[in-house]
Each structure stands twice: as structure tokens, then as C-alpha cells.
Amino acid sequence: MLSALPTAKVYVTLKKGVLDPQGLTVQNALEALGYDVQEVRMGKYLELTLADRPREELEADVAEMCEKLLSNPVIEDFRFNIEP
Amino acid sequence: MLSALPTAKVYVTLKKGVLDPQGLTVQNALEALGYDVQEVRMGKYLELTLADRPREELEADVAEMCEKLLSNPVIEDFRFNIEP
Amino acid sequence: MVEPAITPDTIADHGLTEEEYDRIVELLGRPPNHLELGIFSVMWSEHCSYKSSKSHLGKFPTEGPHIVQGPGENAGIVDIGDGLALVFKIESHNHPSFIEPFQGAATGVGGILRDIFTMGARPLASLNSLRFGPLQIPKNRYLMEGVVAGIAAYGNCIGVPTVGGEIHFSEVYNGNPLVNVFNVGLTRHDRIFRGRADGAGNAVMYVGSKTGRDGIHGATMASEDFDETSEERRPTVQVGDPFTEKLLLEACLEVMEENLIVGIQDMGAAGLTCSTSEMASRGNTGITVDLARVPRREEGMSPYEIMLSESQERMLLVAKPGQEERVREVFARWNLDCVAVGEVTDDGLLRVTDDGRPLAAIPAVALTEHAPVYERPLAPPDDLAERQSLDLDRVYIPEDCSAVLLELLASPSIANKEWVWRQYDHMVRINTVVLPGSDAAVIRLPGTAKGVAMSLDGNGRWCWLDPREGGKRAVAEAARNVVCAGARPLAITNCLNFGNPERPSTMWAFAEVVEGMAEACEALGTPVTGGNVSFYNETLGTAVYPTPVVGVVGLLEDVSKHLTQWFKDEGDAVVLLGPASEELGGSEYLAVVHGLVRGRPSIDLGLERSVHELILKAAGEGLLKSAHDVSDGGLAVALAEAGFQPSGHPLGCSISLRVETRPDAALFGEGPSRVVVSCIPDNVQRLQGLAEEGRVPFTLLGTVGGEDLTVSGPDGKPLISVAASEAKRSWEESLPGLFERPQERDFDR
Amino acid sequence: MRFGVVVFPGSNNDHDCYRVVEDVLEEPVEYIWHQDSDVEGFDALILPGGFSYGDYLRTGAIARFSPVVESVKRFADGGGLVLGICNGFQILLEIGLLPGAMLRNQSLKFVCQYVNLRVENNETPFTNQCVNGEVLRVPIAHNEGAYFADQTTLEALRANQQVVFSYCDDAGRVVEEANPNGALENIAGIVNDRGNVLGMMPHPERCSEEMLGSLDGLKIFRSMLAAAKAPATP
Ligand SMILES: Nc1ncnc2c1ncn2[C@@H]1O[C@H](COP(=O)(O)OP(=O)(O)O)[C@@H](O)[C@H]1O
Ligand SMILES: [Mg+2]
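Protein chains in written order, with my numbering: chain A, 13 to 96; chain B, 13 to 96; chain C, 40 to 788; chain D, -10 to 223.
For the record, the hints were derived by calculation from the structure and aren't laboratory data. Incorrect hints may have been included.
Straight-line distance between alpha carbons at most 30 Å, and here's what the computed DSBU-like set of lysine-lysine pairs gives [what the hints assert, rightly or not]: (1) B:80 <-> C:249; (2) A:28 <-> A:80; (3) A:56 <-> A:21; (4) C:178 <-> C:249; (5) A:80 <-> B:80; (6) C:489 <-> C:607; (7) B:27 <-> A:56; (8) B:27 <-> A:80; (9) A:27 <-> B:21; (10) A:80 <-> A:21; (11) B:80 <-> D:218; (12) C:249 <-> B:21; (13) A:56 <-> D:98; (14) B:28 <-> B:80; (15) C:607 <-> C:456; (16) A:21 <-> B:27; (17) A:80 <-> A:56; (18) D:98 <-> A:21; (19) A:56 <-> C:249; (20) A:27 <-> C:607; (21) D:98 <-> B:28; (22) D:98 <-> B:27; (23) C:664 <-> C:600; (24) A:56 <-> B:28; (25) C:249 <-> C:456; (26) D:98 <-> A:27; (27) A:27 <-> A:80; (28) C:98 <-> C:249; (29) C:664 <-> C:489; (30) B:80 <-> B:21.
Away from chain D, derived, C-beta distances all over 10 Å, residues of chain B [unchecked claim]: (31) 18; (32) 48; (33) 64; (34) 95.
Only part of the chain A face toward chain D is listed, based on derived beta-carbon distances under 8 Å [as the list claims (entries may be wrong)]: (35) 33; (36) 34; (37) 37; (38) 41; (39) 45; (40) 49.
Beta carbons: idealized from backbone N, C-alpha and C, even for Gly.
Input sequences plus hints: build the corresponding full structure.
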């Protein structure tokens, strides 16, 4: 079953200082709706269902995937965790 | 300081059964790079910096923001947690 | 904050030479402080000062009866009658696009749009000119995907159609892609605004996005004067925000329409520094700006960072006396920051203060007019003779020219670019009369019968072989494309993409290209209204080809008379107007089929002009059904392309060709000044008469029609025979096929 | 017939719709600013294409909270004609005047091109000048045009003939190859159950003049005129 396979949850966020037009616009919208929101930053969230392999190998692979494809190192940071 | 303020981390994901072309494309690309990935689902990740208010109020507010604006119930699910 | 000391290292880190530093001291009458040094360094950078190119650019003809604004402003302006004027300009974003292709290209589009609407014009249409290394290399595909997506994202969102452009591929662009973006806008003569700060006491207002630490001069980042972590102080890639720019565009046009401002300039390269010093300098005034009032996105920004930030979607304007409040109201309606940050003065100084505390005071002209100008040494490259020699005896003649045609049609530089322009909204604002795909795009001008045709062209290979002739041919080809739409070329803008100007061979090529272009502009009656120079397109000692990109705008008095490049009906006559050239040197054919970049292109500008006049005359009389200039891939490719109408079954044609030297030269040679036209058979005689009057060689080539494209030689022997549909497939499937390969970001490992 | 064109921050086809109504239809037309809530006196409202609020977060998501939206809803509830084109369609989905949602194009790329549309229901105020099965050539230009609805909604749409346009090939066949964006069952445009609100991804305003290459879009605007003249019988 798929559900038994390990899953990587990957978070890709804009680096600090990089303009986030989407976040700004969402913040303005939330404020216009009456919510008190100081800042909004928008990022990506990915769930990868992986093959069942030793933990360290998966960790190394996912880190590589993030560097190579899932994030843009010029403007984005990433972090991830693998479950279970 | 901003850093002391509570932050909501919001995850917006496509409902099961809704086609995720971005996830598919990422999966294909990862497979082409030689990784063994069963499935990729792509979603949004938002960090909201909130005002310092009682926890329950924040919880209620963020749930409302998610329902009203941050997600579209026809195609998306959301979850969030508030830190610290 | 401790004021960092100025040491020889700081000076060098700012990209300034010792002589330049001495000159700064002389101009100020004292040593600059750190902020002042930063201000000088960006204003005296190659990018802002044109210090290496200025002495050459003066050779361009810049005047003509319809020129309203030549070089020196944010964009050039030409008169098109009825009180209307076109505002247009080209800009490079090569380096940012290499670092981050999507955002680099996107912010390039944002920048050129601001250049246009800052002059009071509503942007009508954009074009782009791109150069990449071969697409077989994954990194190049990654770059091109990102650049095209970035151009699309910005242009589509702001709602300005991207209606055309050009793309070429060559190894020389591997480490240095070129991304040049062009825009043309429409305004009325009584609604033209300039980047001038007039009227001492007038308020200087900051509008648009907040200021962040975006793109601050890389060199200065190396200096060690910072108190926070270095991670936080790294220059940040600029991110485009087309939504904010859309609001800015509408708000700016509104304050202009209401006549509330004296002058306005966008904050592009060198941000607040450049806009304040240039506006003061043009107005013979001074400006005082108080940094405490500048809207900021981040905490703890230093004056240095605020002055040098290149955050996008910002403008600086000078309000008319008493109108500040109304200006604020307009921007508020569009939800934009609008703050009086200073005022115009009459002492000629750019003064920077922080809550009144003086931080810098520099004569504005010291930053602009008194910037250094260099006569860099020039020398032709050592291997020039070798490049130019082409021994045709050693170039075999292919047996199967049909196969060569198919190969050329699939060559990415020639292949269908629909993969690109499908991603661009090219129809928004419902003015695009000729969609991408023809020689020039045509936009109708709302409220008039007129239309404007435009094209970007440049062939780096020719310029590498012979920069002077290549420069001429770039102007000629861009103008010819516009003529092929039935429009009269009015003026040009240009972007000169070169390597390191400190290298004498680069500078020699630069000088030659400029002189060649200048000569062509004279000959074709198209003055230069502005442009852009991009040097240092060089990686590890390998420079790009000298690549001038020429943008031409032309006018159609009656837009309904426009032409496209496509054959229309079976039975129409196919005619070649222009010389029966068989020049092979520098052709795509030589490069693709024989792996040779050799030869010496040339052009007769007088004949070029005659061809233009002939086509305009014939088009005016309604004689022509189509006109397509012969360029990359030569006559055979031009004939094939003329059959590929945007919808429906491709049209073949049967052609018989005189061959003077060799068939491949007649079919695939890229000699200039040639146009394939079609017309009903009854008009052939009249057309021939006009050609004779105009002293333009006239060759009846054959007839439109049939399933096949057939070309036969002098003895009736078939040279080419392919199904038009097969030719079209080859041409159509090439680019999409290359991009179907899996994507990966390839980090120069 | 008085048309109103609703302008949100970031709308960019507002002017195109305005021009078609004014210059081609020669009917009175006015812009309605998103902060206004007065839509009195209009016979039809157009929600134009573009990128309201930059399409940031989700297309149409933020526009939904503009003051004008409540008025548009009331106008529709009162039976007024509402035409949402492209981003306008996306907004109609977000505000719930039409069912379903819009997903990213399957190609993940913005796509601007002419497509063929088959008219599936000519008994709407927007298609009464068309013939059922007729093929219209109309351009699309969008990034998020893959229409999605759950199975129940889809069945209801079909049952009530609310699918008005489908992407089809030259011959009018609704086939996968003719689907430019991955829309469910090639759906290009739908009406509400009452038939007075149409959302469509393709741009009729871009093909309502000879000079622009197709007149097919004009049929939609002409249908609206005809509907306004005839007594409403939805
Ligand atoms: N980068 C681009 N963006 C948009 N359209 C492009 C681009 N590159 C090429 N095109 C379009 O493709 C067509 C063919 O281009 P090209 O072969 O360079 O024409 P030409 O040789 O006549 O200058 C033109 O209509 C051009 O506008
Ligand atoms: Mg051409």
C-alpha cells in the first residue's frame, strides 16, 4: 500500500529579503477583511511518496532533489522531513 | 520584535482526486533524474505573522482566513498550526 | 553606524580606478564619504555612464523631420501625425537573466515598460530578442524556459501584448545568454513627459513599491563595513511584481492626463541615485531627498542601501506646485505608496539627508555629464582574415537539397517559434492585426486608420565576420521586415551586446558595428532615437558574438493595407525583388550543414533602399498579396515559410531558379536586400515596370500552389522537391521536441 | 442596452470589452470600479479578463471581496445578464455564481491561441444567435483554464444543459486532442441553472472585428442584445 511508504514533506520558501509580491497582496487582502496580520510569506509545500529504502539514503536523495529541482537556490530556501 | 509574534503555518493542498499537473510534472522530472518517486503532490505553504492575542482567538481567525480566502473548498484542503 | 573609511580597497571594490577617484575628489573639492563613493560608483559604472561607448554612439544620426525626442531621455519619440507620437526603446537584461532566468527576464520587461509610460505613453506592444547556447545542453533549456516564462508572466499580467521578437542559438551564448526587451507606446504630443526636475521648491515624490535590499551593486557588497550578518547583506535578486506595476501604470497615466506633474522618471538601475541625479541634471537644478521618508520594506536599511537599492516598480516624480495632494489621491485610489521625499532646489546639488541630517552633497552634473569618458584602444582581432576567408572549393555541394531544406527548417534558429509566443498574450488590448509569425508584427492605433509595424533583428555571426557590414545588415534587415508589412520605417532603437570593452578587439568591433549601423540609418532614412549598451557579456574569456539588436518601428497610414509574409491563393505569381545573390558566407546553412562560420557578408545600402521604396509603392497600389524577406536559411527557407500560413493546409509552390555558381548558394545563401512577394498574375507586368523604374532586379520565380514545394534548376533539373506539409512538420516540431526532454537544473558541475 | 464593465485592480481586458460594446455593438457602456456598489440601470454586466490582484494566491480569490461583488450577485439574482470572460469566469467561480473551480493548465504554461468551440446550447441569452453544434473560432489566453467540478456537479451541469461551449476540433468533434488546457470533458464555458450568468475561458471580445481575424465572438454579444430585446424566457 502507498500509505505504508515513506513520505517526504518539503517546504520551499523565499529567502529572507527577497520580495514576495504574492505574500504582500495576500496580507493586504487579509487586512482589508479586518484581520491583524503583520506579514505573509508564500511558499511551496510538496509531499513526495518515496520508495521504501534506508532512511539515510532517502535523506540524501531528497536533499539532492531539493537542490536540483524542487527549489531555486538563488531565491529560495528549503527544508524537509521524512515520515514516518 | 517580529520574531516574538505568533506565526501561523498554513498548508493548502489539492483534494484527493483533483488532478495535480504540477505534481505530475515534478514527479516525471524526478524520475527522469533517476529518483524513485511514487507520487508528488504540490501545495501551498504560507507563513502568517500574527498579532499577539489569545491563542483561541488566533485559532479561530486563522481557520476563518483559510476558509474565506486562503483555500478554495471545491478543490483544496487546508490545515495549519500556530507557533510558538 | 560607523562611517567606513575609504581605502584603496574600498575604491577598487566599488569598481572605480584611482584616476576616477582622484577625479571625484577634484569635482567635490574634498574626499567623498562612503555614501558618496557608492553614489559615484553606480553613476560612473559602465551601465549608467556609457563611459566606453559614448564617444562612438555620437556617430549615429539622430535627427529627422519626425523625430520628437532623440537619445538622452528614457525613450525615443517619433511623430506619426494627427497629434500622436510613438515612444519606444529597447533594454538588455542579460546578466540578471543568467543568474535567475525567470525573474531576470520578468524584471527586464517591467523596466522597459516603465521607460515607456514614464514618458506619458500607454505601452502598446512588446518584442523580445533572445540568444542562448544550443538547446541540446540542459542548462540552456532551463535558461530559455525560465526567460520565456518570465517575459510571459510579466507581460501577460500587466496586460501589454508581446507580439514578436527573435531567437538565435549559438555556442558563444552558452555562458552569456542575451535577453533584450523592446516596447512601443502611444501618446499625444501634448502629453509627453520627461525626466526633468524643474522649478525650485517643487515637491519630489516617491511612488510605487517599497524599497528593499534588492540588487544593490554587487561590488559594494564585498566591503566589510557591515554590522549585521553577511548573509543578510547579500544582494538580493529582484523579483518582479507585475500587479503593482499595472497599478503604477494606470496611476501614472492618470496624473499625467490630469497634468499634475512637471517631470517623472522610473527608478531602474541605480534606483533613487540615478533618478534624482539625472532629473536634477536635465533640469539644471538640484534635488534634496530625505531618506527617512522613503518607504521601506525591511528594517535597518542603511542610507547607502536605500540610495543604491534597485527595487522594482518605483517611480520618482516632481509635482506641479499645489498639486501634491491631488497626486496623492490618485495613487491612493490605486493603493500605492506616494510620499514627498524631497524637493527641487536651485543649487545644482544632489543632497541626501536623513531626517534633515546631511549625508551627502554632490553636484548633480558631476554624476552625469562629468562622468568619465574613455577612448578605449581599438584593434581588429588577429584572426580576422581567417574568419573572412571562405574557400568554397572545400565546401561540398550536397546531393539532396530537399534534405538540407528540412534540416534547416528544423534548425532552432529558423524553426517555428510558436512554442515561445504561444506563452505570450499577444492579443490583449485587441490591437494586434498581424499576430506573431510574420516578418513584422502590426498593431492598429485605436481611434485612427493607422497602424504600426515593428521588428527586432540582429545577426551576431555576421558581425563577428565583419562588424561594419554586419551592423549595416542588422539595420537593413529590421527595416526590411517592417517594409514587408507594408509600413514605412521611421526610426530605430538598438541594443548593443558586446564582450569586455577593455579588450581592443571587442572595442574595435563595437566601433565598426556602430559606424556600419550609422551608415545604414543614414541611407535608409531611419535615425536612432536611443538604445542601450551591454558590455562584459563574457565568461572565462569567451565573449558573445558582437550582437547588435535593432528595433525598427514603421508606420502604416492605412492599417487595412498591411501585408503578411504568407502566400494567399493558388495560381498567384511568385516574384523575387532584389538581387539574385548567391552569397554563402556567414549563412545558417554553412554553420548547420558544414560547421563553418566563415565569409564576409556585404550589402549595397542604395539598393536596399530602392527595394524598400519599391515594395512600399507596390503595396500602396495594392499590387501585392504577400511579402517575405529572405533571411536565415536563404531563398528556399523563405519560400517554404511563405507557405506556412497560421491556419489551414500549407501551400506549396513551383519555382524555377537560375543558378550562377552553385545550387546550394542559390537556395540557401543569405544575400541581403531580397524579398519574395506574391501577386495575381495580372499584376506581374505592372510590378515589373515599377521594379525597372526603381532599378530593382526583378525575377519571376514561379507560381503558388500544389502540395509540394518544388524548385528546379536552369536545365529543369529538380533541386528541391518536398511536400509542403512535410516541410511544415519539420519546422513546427523542432522546438517542442527539444523541450519535451526532461528538465533539470544543471549547475555547471 | 446598457452595459457595465467591472474593473478590478489588475483587470486588463476591461478596455477591450468596453471598446467592443462601444465601437462594434454601438451600445452605451460604462466602467464600474470595484469599490463601487451601484450597478443600477445596467442591463448587462461584463466581468472582463486579466489578472485581478495579479492572480496571486489563486485566480479570482481576492477579487471576490471587492465591494462590487455583492452587487453583482444581487444583479444576477434579479435575472440580469452577467458575462464573465477568462479571469471574469474565474471570479464567478470563486464567488459562487457558477459551480466548480479552475485548475492550472495541464501544460503548466500560459497558452494564447485560437481554439475551436462547439456551441452546446443555443437556448441561452448568450448563444441565441448560434446554432447547436456550430463551431466558433475564438482565442484563449490563460494560465489556469482547466475547468474542474466534482462528479455530482458535473452531472447536474449536463442534466440542465449548462455546458454551453466545449473545446473541439475543426470538424466539431469534442476530442482530447482539441483540449488546450486539461479542462474536464473539454468544458470551455458554462451558465448557471437559471441561464443568465455565463462564464467562459475564451475571449469573444478578441474576435468581434473583421480586422482581427474572426467575427465569431460577436455572436455572443449580439445574442445578449437579442435576449434583452426579447422578453426573457429562461
Ligand atoms: N522571442 C520571440 N518572441 C516572440 N515572437 C518571436 C520570438 N522569436 C521569434 N518570434 C516570431 O517568429 C517569427 C519568425 O522570427 P524570425 O525567424 O526571427 O523572423 P525574421 O527572420 O523575419 O526576423 C516572427 O514573427 C517573430 O516575431
Ligand atoms: Mg524576416
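Evaluation of the provided hints:
1. B:80 <-> C:249: Given pair residue 80 of chain B, residue 249 of chain C holds - Cα atoms ~28 Å apart, limit 30 Å.
2. A:28 <-> A:80: holds (20 Å)
3. A:56 <-> A:21: Holds: residue 56 of chain A and residue 21 of chain A sit about 11 Å apart, inside 30 Å.
4. C:178 <-> C:249: violated (34 Å)
5. A:80 <-> B:80: Measuring from Cα to Cα gives roughly 35 Å; hence the hint is violated.
6. C:489 <-> C:607: holds (23 Å)
7. B:27 <-> A:56: holds (16 Å)
8. B:27 <-> A:80: holds (27 Å)
9. A:27 <-> B:21: Status holds; Cα separation ~16 Å.
10. A:80 <-> A:21: Holds. Residue 80 of chain A to residue 21 of chain A sits at ~16 Å (cutoff 30 Å).
11. B:80 <-> D:218: Measuring from Cα to Cα gives roughly 39 Å; hence the hint is violated.
12. C:249 <-> B:21: Given that 30 Å is the threshold and the Cα spacing comes to 25 Å, the pair holds.
13. A:56 <-> D:98: holds (18 Å)
14. B:28 <-> B:80: This hinted pair holds, its Cα atoms lying about 20 Å apart.
15. C:607 <-> C:456: holds (21 Å)
16. A:21 <-> B:27: Holds, at roughly 16 Å.
17. A:80 <-> A:56: Judged against 30 Å, a Cα distance of about 16 Å means the pair holds.
18. D:98 <-> A:21: holds (25 Å)
19. A:56 <-> C:249: holds (24 Å)
20. A:27 <-> C:607: With a Cα-Cα distance of about 54 Å, the restraint between residue 27 of chain A and residue 607 of chain C is violated, given a limit of 30 Å.
21. D:98 <-> B:28: Judged against 30 Å, a Cα distance of about 23 Å means the pair holds.
22. D:98 <-> B:27: holds (22 Å)
23. C:664 <-> C:600: Holds, at roughly 10 Å.
24. A:56 <-> B:28: Roughly 18 Å between the alpha carbons, so the hint for residue 56 of chain A and residue 28 of chain B holds.
25. C:249 <-> C:456: Given pair residue 249 of chain C, residue 456 of chain C is violated - Cα atoms ~37 Å apart, limit 30 Å.
26. D:98 <-> A:27: Holds. Residue 98 of chain D to residue 27 of chain A sits at ~25 Å (cutoff 30 Å).
27. A:27 <-> A:80: Distance ~17 Å between residue 27 of chain A and residue 80 of chain A Cα, so the pair holds.
28. C:98 <-> C:249: violated (40 Å)
29. C:664 <-> C:489: holds (19 Å)
30. B:80 <-> B:21: Judged against 30 Å, a Cα distance of about 16 Å means the pair holds.
31. 18: Its Cβ never comes within 10 Å of chain D, the nearest being 21 Å, so this holds.
32. 48: Nearest chain D Cβ is 23 Å from residue 48 of chain B, so the label holds.
33. 64: Fine: 25 Å to the nearest Cβ keeps residue 64 of chain B off the interface.
34. 95: Non-interface label stands for residue 95 of chain B: nearest chain D Cβ at 22 Å, farther than 10 Å.
35. 33: With a closest approach of 6 Å, the residue 33 of chain A hint holds.
36. 34: holds (4 Å)
37. 37: holds (4 Å)
38. 41: At 5 Å from the nearest chain D Cβ, residue 41 of chain A passes the 8 Å test, so the hint holds.
39. 45: Result: holds, 6 Å to nearest chain D Cβ.
40. 49: Because about 13 Å separates residue 49 of chain A from the closest Cβ in chain D, which is outside the 8 Å limit, the hint is violated.
Of the hints listed earlier, those the structure fails to meet are numbers 4, 5, 11, 20, 25, 28, 40, in rising order.
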